[in-house]
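Given only the sequences and the hints, what does the whole structure look like? Please build it.
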Amino acid sequence: MNPLVEVRDLRMHFPIRGLDALAARLRGEAPTVVRAVDGVSFDIAAGETLALVGESGCGKSTVARCILRLLSPTSGSIRYDGTDIAALDEQAVKPLRRSIQMVYQDPTASLNPRLSARRTVEEPLLLHTRLGAAERRARVEEVMHEVGLGSDLLDRYPHELSGGQRQRVNIARAIATRPRFVVLDEPTSALDVSLRSRAILLLESLRERYGLAYLFISHDLATVKYLARRVAVMYLGKIVEVAQTRELFAAPRHPYTRALISAIPVPDPDARRDRFVLAGEIPSPTDAPSGCSLRGRCPLAQPVCAEPVPLREVAPGRWIACHLA
Amino acid sequence: MSELLEVTDLTVHFRTEAGEVEAVDHADLEVRKGEVVGLVGESGSGKSVTSFAVLRLIRRPGQVKSGVIRFNGVDLATLSEEQMRRIRGGKIAMISQSPRTALNPVISVGRQIARLFELHDGASAAQARRRTIEMLTLVGIPDPERRAQQYAHQLSGGMCQRVMIAMALATSPELLIADEPTTGLDVSIAARILDLLRDLGERTGTAILLITHDLAVVAEVCDRVAVMHAGQVVESAPVRTLFREPAHPYTQALVKSIPRVDREVAMEPIPGSVPSLLDPPAGCRYAGRCDRVLPICRIERPVPVRITADHSVACHAWSGPREPAR
Numbered sequence: 001m002n003p004l005v006e007v008r009d010l011r012m013h014f015p016i017r018g019l020d021a022l023a024a025r026l027r028g029e030a031p032t033v034v035r036a037v038d039g040v041s042f043d044i045a046a047g048e049t050l051a052l053v054g055e056s057g058c059g060k061s062t063v064a065r066c067i068l069r070l071l072s073p074t075s076g077s078i079r080y081d082g083t084d085i086a087a088l089d090e091q092a093v094k095p096l097r098r099s100i101q102m103v104y105q106d107p108t109a110s111l112n113p114r115l116s117a118r119r120t121v122e123e124p125l126l127l128h129t130r131l132g133a134a135e136r137r138a139r140v141e142e143v144m145h146e147v148g149l150g151s152d153l154l155d156r157y158p159h160e161l162s163g164g165q166r167q168r169v170n171i172a173r174a175i176a177t178r179p180r181f182v183v184l185d186e187p188t189s190a191l192d193v194s195l196r197s198r199a200i201l202l203l204e205s206l207r208e209r210y211g212l213a214y215l216f217i218s219h220d221l222a223t224v225k226y227l228a229r230r231v232a233v234m235y236l237g238k239i240v241e242v243a244q245t246r247e248l249f250a251a252p253r254h255p256y257t258r259a260l261i262s263a264i265p266v267p268d269p270d271a272r273r274d275r276f277v278l279a280g281e282i283p284s285p286t287d288a289p290s291g292c293s294l295r296g297r298c299p300l301a302q303p304v305c306a307e308p309v310p311l312r313e314v315a316p317g318r319w320i321a322c323h324l325a
Numbered sequence: 326m327s328e329l330l331e332v333t334d335l336t337v338h339f340r341t342e343a344g345e346v347e348a349v350d351h352a353d354l355e356v357r358k359g360e361v362v363g364l365v366g367e368s369g370s371g372k373s374v375t376s377f378a379v380l381r382l383i384r385r386p387g388q389v390k391s392g393v394i395r396f397n398g399v400d401l402a403t404l405s406e407e408q409m410r411r412i413r414g415g416k417i418a419m420i421s422q423s424p425r426t427a428l429n430p431v432i433s434v435g436r437q438i439a440r441l442f443e444l445h446d447g448a449s450a451a452q453a454r455r456r457t458i459e460m461l462t463l464v465g466i467p468d469p470e471r472r473a474q475q476y477a478h479q480l481s482g483g484m485c486q487r488v489m490i491a492m493a494l495a496t497s498p499e500l501l502i503a504d505e506p507t508t509g510l511d512v513s514i515a516a517r518i519l520d521l522l523r524d525l526g527e528r529t530g531t532a533i534l535l536i537t538h539d540l541a542v543v544a545e546v547c548d549r550v551a552v553m554h555a556g557q558v559v560e561s562a563p564v565r566t567l568f569r570e571p572a573h574p575y576t577q578a579l580v581k582s583i584p585r586v587d588r589e590v591a592m593e594p595i596p597g598s599v600p601s602l603l604d605p606p607a608g609c610r611y612a613g614r615c616d617r618v619l620p621i622c623r624i625e626r627p628v629p630v631r632i633t634a635d636h637s638v639a640c641h642a643w644s645g646p647r648e649p650a651r
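Protein chains in written order, with my numbering: chain P, 1 to 325; chain X, 326 to 651.
Accuracy of the hints is not assured; some may be wrong.
Away from chain X, derived, C-beta distances all over 10 Å, residues of chain P [said to hold, decoys possible]: (1) S41; (2) A46; (3) E55; (4) R65; (5) E90; (6) D106; (7) S116; (8) E160; (9) K225; (10) Y226; (11) A271; (12) D274; (13) G291; (14) P299; (15) E307; (16) E313.
If you want a taste of the chain P side facing chain X, the calculated C-beta under 8 Å gives, among others [said to hold, decoys possible]: (17) V193; (18) S194; (19) I200; (20) S205; (21) L206; (22) E208; (23) R209; (24) G211; (25) L260; (26) I264; (27) P269; (28) D270; (29) R275.
To be clear, the hints were calculated from the coordinates, so they are not data collected in a lab. C-beta: ideal position from N, C-alpha, C; glycine also.
Given below as structure tokens:
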């Protein structure tokens with residue numbers, strides 16, 4: 001079976017502009033670029049949830065923006081249902097927007113304060129479908145019901161809704177056009193504990209009902225464990241490990257994944273805490289070390305780590321970019 | 326038992342155009358010398374308002390309606406504004422959720438810390454500079470001489486939070502109020518900040534009141550926990566007891582609602598939502614969400630009862646053992 005989404009060797013480099021960059025160019029130096037995404041490949045099957053995890057600045061949101069073509073990638077391909085989106089021009093991307101949608105992190109900032117919930121959810125139907133007024137009305141009520149918002153909330157404005165309700169409006173807007181693929185960019189991180197668990201259960205039930213595929217971007221690994229079938233771990237613009245969720249949590253193999261998982265706080269005062277700690281902080285993506293980009297921080301680093309390290313399949317479905325794993 | 330902070334029967338209201346918001350309702354809270362106490366609850370449960378009341382920072386339209394706050398046995402309400410100012414940032418320090426915005430952007434971080442030594446201890450400029458470097462070293466900032474000369478925007482979020490902690494500890498406070506100190510930080514950075522707080526508490530003997538909505542953070546660092554729901558403290562217990570034998574239906578629901586990485590269990594979201602604090606329900610404010618609700622719960626506010634010397638619960642449905650009040 002062909003995957004629904006197929007990303008191959010995706011690169012998104014941002015040139016640094018400004019006086020320093022100009023001076024460097026006048027001196028004849030190579031222009032500095034931020035390698036936000038530097039050779040990322042993964043697949044997502046129809047109806048599957050792939051989590052893309054990593055810390056601030058690792059490039060996970062940039063990947064999402066490339067897939068949605070909010071950015072035009074520097075190189076690489078993004079095949080959606082067989083079509084390479086990366087190569088399409090603005091006009092040709094438009095029809096795809098109906099089947100690829102997104103839920104943003106901040107439930108408040110991503111809603112227009114001057115549109116009611118009804119208008120917000122209707123907007124994608126106006127833009128991407130040819131439904132008539134009555135059909136749109138029926139669809140809006142249907143999806144609002146699906147996300148668990150009563151019809152009494154339909155005519156409310158964002159400021160009249162709670163944080164959890166706003167995020168439900170965001171989810172309703174994303175599924176209104178009946179997409180097959182939804183990018184979730186940290187959809188739960190602005191929510192309270194009790195709202196977070198409800199949002200996770202809602203997203204999971206929508207996926208089951210409509211066979212949605214999700215790219216779930218998050219740094220909250222506890223949430224990832226409940227929602228994703230597979231996890232890809234990103235560090236400094238590259239994927240360092242891909243595995244089935246269960247396997248990844250049971251036995252993380254890349255040192256970065258080990259550090260990440262051992263840092264998650266556990267709600268059990270008697271839990272054993274064996275932290276696997278990396279030295280220092282994430283370097284800037286303008287001066288990532290050669291070879292393995294983790295080597296300056298990794299307690300296991302060896303001379304061989306200065307060599308480039310490709311992501312290789314070590315067991316079926318298990319990919320790791322580490323010389324030592 | 327040496328009580329450092331003792332909050333009894335605290336009620337705080339805010340007057341708004343829509344009416345009176347009853348943010349904190351007859352809350353009790355105690356922090357003993359050198360211990361880490363977690364104050365947990367969902368947004369709007371009154372955690373932060375309680376901490377502002379401790380610092381006597383409730384300003385109009387807010388109003389403290391009832392309650393006594395004793396710090397080292399002294400009723401803080403009896404102090405003059407000048408005496409209170411010396412306690413704030415001196416004996417009681419606070420770190421907040423967004424460290425970058427809490428730091429002054431146009432003064433170097435080292436200077437911001439040094440000023441505290443000059444103000445609170447009357448240190449000379451040279452002494453203050455030396456102690457600033459010591460503080461930055463204590464909170465684990467590498468290359469402290471260079472970092473001291475930098476500004477907030479030149480430091481990462483985790484570094485800024487370390488600077489905030491260094492500032493808070495500069496005056497050797499007896500109580501540190503940490504309001505969501507790791508929210509918004511990446512997991513590995515957050516873990517290091519929590520390790521640092523726990524470690525500093527042990528080394529310096531500073532008690533910590535840790536405000537958070539995250540039970541996992543509580544399990545990581547706290548000795549005791551108080552759980553708040555809609556302005557009411559519903560349960561307080563040693564951290565192990567809270568996770569092993571939660572007595573209040575809300576605490577039980579809260580423990581079951583969190584996603585867990587350490588075991589394979591289903592998540593059960595808490596039913597309903599926090600009631601509006603504008604004209605909140607009479608009696609127990611959890612009654613509308615509770616699966617063990619009794620008729621009396623909607624009429625009378627449950628008074629905390631002691632299950633053991635260290636564990637108390639405010640619930641009409643509690644039928645287990647109870648100790649007579651002190």
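Hint by hint, here is what the structure shows:
no.	hint	result
1	S41	holds, 24 Å
2	A46	holds, 25 Å
3	E55	violated, 4 Å
4	R65	holds, 20 Å
5	E90	holds, 34 Å
6	D106	holds, 12 Å
7	S116	holds, 21 Å
8	E160	holds, 12 Å
9	K225	violated, 6 Å
10	Y226	violated, 5 Å
11	A271	violated, 6 Å
12	D274	holds, 12 Å
13	G291	holds, 22 Å
14	P299	holds, 13 Å
15	E307	holds, 26 Å
16	E313	holds, 25 Å
17	V193	holds, 6 Å
18	S194	holds, 4 Å
19	I200	holds, 7 Å
20	S205	violated, 12 Å
21	L206	violated, 16 Å
22	E208	violated, 15 Å
23	R209	violated, 18 Å
24	G211	violated, 22 Å
25	L260	holds, 6 Å
26	I264	holds, 5 Å
27	P269	holds, 5 Å
28	D270	holds, 7 Å
29	R275	holds, 7 Å
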